[in-house]
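Novice: Keeping the supplied structure of chain A fixed, place chain B with the ligands upon it in accordance with the hints.
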Amino acid sequence: MQQVRAEHFDAAWKWWLPPNHSSFGEEIDLMYIWIFWITMVTFVVVEGVMVYFCFKYRRNPARKATYIAGSHKLEVAWTVIPAIILVALGVASTNTWAKIKNSSDPSYPQEFQTEVKIAAQQFAWNVTYPGTDRKFDTADDFMLPNILNVPVELKDGAGNVTSEENVRIMLSSKDVIHSLFIPVLRVKQDAVPGYIGNVWFDCDRATYAGPDGKHLTGDQTYSEDGKTLLDWEEAYEIACAELCGLGHSGMRMQLKVVPRAAWEAWVKVKSDEAKKRAEGG
Amino acid sequence: MSTTAAAPATAGHDAGHAHPELSFLRKWVFSTDHKVIGIQYLFSCIAMFLVGGLLALMVRWQVAYPAGAKPSEEKVQEWRDQGLSGAALNQAIAEFDEDKPFPILGELLWGEKLSKADINAGEVGEAGLFGNSNGMMPNEWYNVAFTMHASVMIFLVIIPILTGAFGNYVIPLQLGAKDMAFPFLNGLSYWTWFSALLVLVASFFVDPAGIGAGAGWTSYPPLSGVVSPSAGAGQTLWCIGVILGGTSSIMGSMNYITTIVNLRAPGLTLFRMPLTTWAAFITSILQLFATPVLSSAMAMLLFDRHMGTSFFLPEGLIFSEAPVPNAGGGQVILWQHIFWFYSHPAVYIMILPAMGIVSDVIAVWSRKPIFGYRPMVFSMSAIAGLGFVVWGHHMFQSGMNPVLGTTFMISTIMIALPSAVKVFNWLGTLWGGQITFSPPLLFALGFVSMFVIGGLSGIYMANAPFDIFIHDTYFIVAHIHYVLFTGSVMGIFAGIYHWYPKMFGRHMSDGLGKIHFWLTFSFMNGVFFPMHIIGLGGYPRRYASFRSYDFLQTYEGMNVFMTWCAIGLGLSQLFFLWNFLWSLVAGKKPTSDNPWHACSLEWSTQTPPPHGNWIGAVPTAYHGPYEYSHPNCKDEFAPQWMPMQRNDGGGGGASPTAPAVAASSAPPTAPH
Ligand code: HEM
Ligand SMILES: [Cu+2]
Ligand SMILES: [Cu+2]
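Those protein sequence lines, which keep their order, are chains A and B. This note's numbering numbers the first residue of the first sequence as 2 and each following residue consecutively. This note's numbering numbers the first residue of the second sequence as 94 and each following residue consecutively.
Bound conformation, chain A alone:
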């Protein structure tokens, strides 16, 4: 994990936000930067005026206070100008919102390269993979607690990913409400019992850049038995963000974003195990 942790805090700081590795995350961060500057300017102006007035109009017996009971012009100005800015901010963010959350919106992805199911419970995430046949509810499905591994197509040796590698998670809960929070992907969605929520992301950075911390190419698998992949320490962290009981703050999951060939080798090993179990049992 060391590498990811270091990156989290040293590099790519955008005004206290952790680095972002998802495609829609950039749009979210852009909204933040806009709001940040708009509110900072407002803050400095308002506090500045207040401090100035406090100094300028401090009690002075030689003077009488000026009787000013209001001003229509000012009221209109300071209602209309913020209104315009705020509405513009709202309108600017509707598209991003629809793209991330609204599955009936045209900008919502139509295709998902990878699908998994996650069922949350006190205090673990049960991740179900569809196996080699890519279909759920078949014998080669396998379930792993607290491990989310997803494949990507690499663009270069530095861990950057080709565009459009959409992962879909079908999220549910067995007991209480939990919330799937992936800080570096700007993902958060409550896991609600009795309801299946869809979450998607498009991660643009692999968690791993080679066995010796150097380069990695897309056709390398490193492992036939899937072990190496699991041994890689580097991972993004996934947290639970909705109070779910006494173990809430320990409900951690790892996300590993790895080259497709390696991932497929690993899925095959796991799927075969599952099939063997199904036949044997």
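Hints listed in this document are in silico derivations from the structure and should not be mistaken for laboratory results. Among the hints, erroneous ones may be present.
A short, non-exhaustive set of chain A residues, derived as facing chain B with CB atoms under 10 Å [what the hints assert, rightly or not]:
{"no.": "1", "residue": "60"}
{"no.": "2", "residue": "148"}
{"no.": "3", "residue": "177"}
{"no.": "4", "residue": "265"}
Far from chain B by the CB rule (all over 10 Å, computed), these chain A residues [stated by the list, open to error]:
{"no.": "5", "residue": "110"}
{"no.": "6", "residue": "115"}
{"no.": "7", "residue": "132"}
{"no.": "8", "residue": "261"}
{"no.": "9", "residue": "262"}
A virtual CB, placed ideally from N, CA and C, is assigned to each residue, including glycine.
Specialist: Coordinates of chain B with the ligands only, in the frame set by chain A:
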């Protein structure tokens, strides 16, 4: 209002009643006098403020000193350099133990701190007062502490002190009314609230398995809706306590609305009411419409827990490996809709009265009329109206239909507008004034400057896409404390320092008040400002420990800093407590009934006001409540209860500093 209707205007209130001298119990305990009830609320709420504050310190303690410290990367590297590897290295990591119990108290309450090696060797340390968990606070305590901290502060401090203490004490006096419209209902409302207090406090002690309610003040089911270790008997009492508190609110708000509509003094039109009373009026309407919804939600939750219904529990729910028998057909998110339909208006119930108080305080202490009095009233009304259509902004990530999310985003953005308008009008009120930095004014300015931060952080969260990232992180915690602590609580302090002389016939010490302000102001920013930063780093709220996450390790230092600032903040309140209590017996006596030269009606009567509020007739209001520094006025201010004396000799009445009774020599109109 029977009490005054019978009273001949000139004969004085008591003569009208002709009741015998009241027993101590009727006069001070089961009183129906709005001033006594207001003071009862004030004292009870200050006591609960201490309880809520101690719970907050427990929360901060756990957050900064959690168990499970891990070795740092440098430490691991050091071990590697020493030649450790493989199993030996793993063992070193597993045996690493640098948990720091909270200084002194940790071991006192939760037992002796032993090293992991000692524990593995089977040693047992000496137990502490609350148990033996190696000097560290257990998670159950933490969950109960943050749940009850919020519940106490919201239901037993901020709402009741604003509506119960200030509402009761100030409204009838500012209206020129002899009491509330329904004095008995008023007493009943206090005692119902007091029973809520007892039930909520009892929730700490009833649970054999746990130590109280621990599902958060929002108590989302199924966590709260099924009897389980996280939600045992304490949770049940919590629901009952909230219903009782709500019932009291409903009684109180009906009373305030009726009083304001019917019992205004002659001449006191709605638009001559001071903003404190306007705020109380609008708040009461919010309470009357919102609170019944909360009470029914609590009733439904109780039914789910104990009577086999399934309002909030869906099919197939599994708790600790076993199916929940009554689950089926319920909707988990339904709770959130109902809860926030109350609780969003509730956040305005917690801020509007403080906005009213702050407006009055700023006008008096800068000798200026309120800038934009009517826009102030309209913006409060707009906040109240819009407050009913924004509740979904708490549910952006809940799985609610995303199209609804867009709607709620727009309405939420709109609600920031009236808040901004109010801030600008406060600045306008300071503009050109004669500002005296008394404790009430300092707290009012503190309110304005810090409410700005809370309002601006609201804009970040109102933005649904960015809320994806900051929802349920410490950013929210920063927001709520900037609006509620550095906002509402500062407003409450401003009100206490401002009206104390009228309430108790004594002055508080200015010097102590200023020390209290500066310490509070500094420490509160030390506690709450860094929460924005850790929230932006993705630190989730309600986390007993950051230890399991690598990305949170870096915030340990900030957590410790915030915790010590919180301790400083708590200690600073001792200056207030001492000042408040000591001044009751030893404070300077005011030399006039209107020591601040204020214009609204509460300053026209004796100090403290007698039973019935005015000896003789109630005053008449001749103009608005903020005629300070009027250019045509002979005096520096023109009290509402006498016609303005003009420079050119027009107008009439006596000098504003003359005793108030003289003022009511204006022909008394039969009250109502
Ligand atoms: C200026 C306008 C305001 C806006 C735009 C605003 C917006 C929001 C939003 C969007 C949330 C939900 C955040 C989330 O959970 O992701 C929120 C939470 C909250 N707000 Fe505000 N807010 C404003 C003013 C206030 C005021 C005046 C108060 C109270 C005095 C207040 C008290 C709260 C509380 C208590 C919560 C958190 C509830 C919880 O989850 O425990 N807000 N606010
Ligand atoms: Cu959780
Ligand atoms: Cu809200």
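Novice: Hint compliance check: list the failing hint numbers for this structure, sorted ascending.
Specialist: 2, 4
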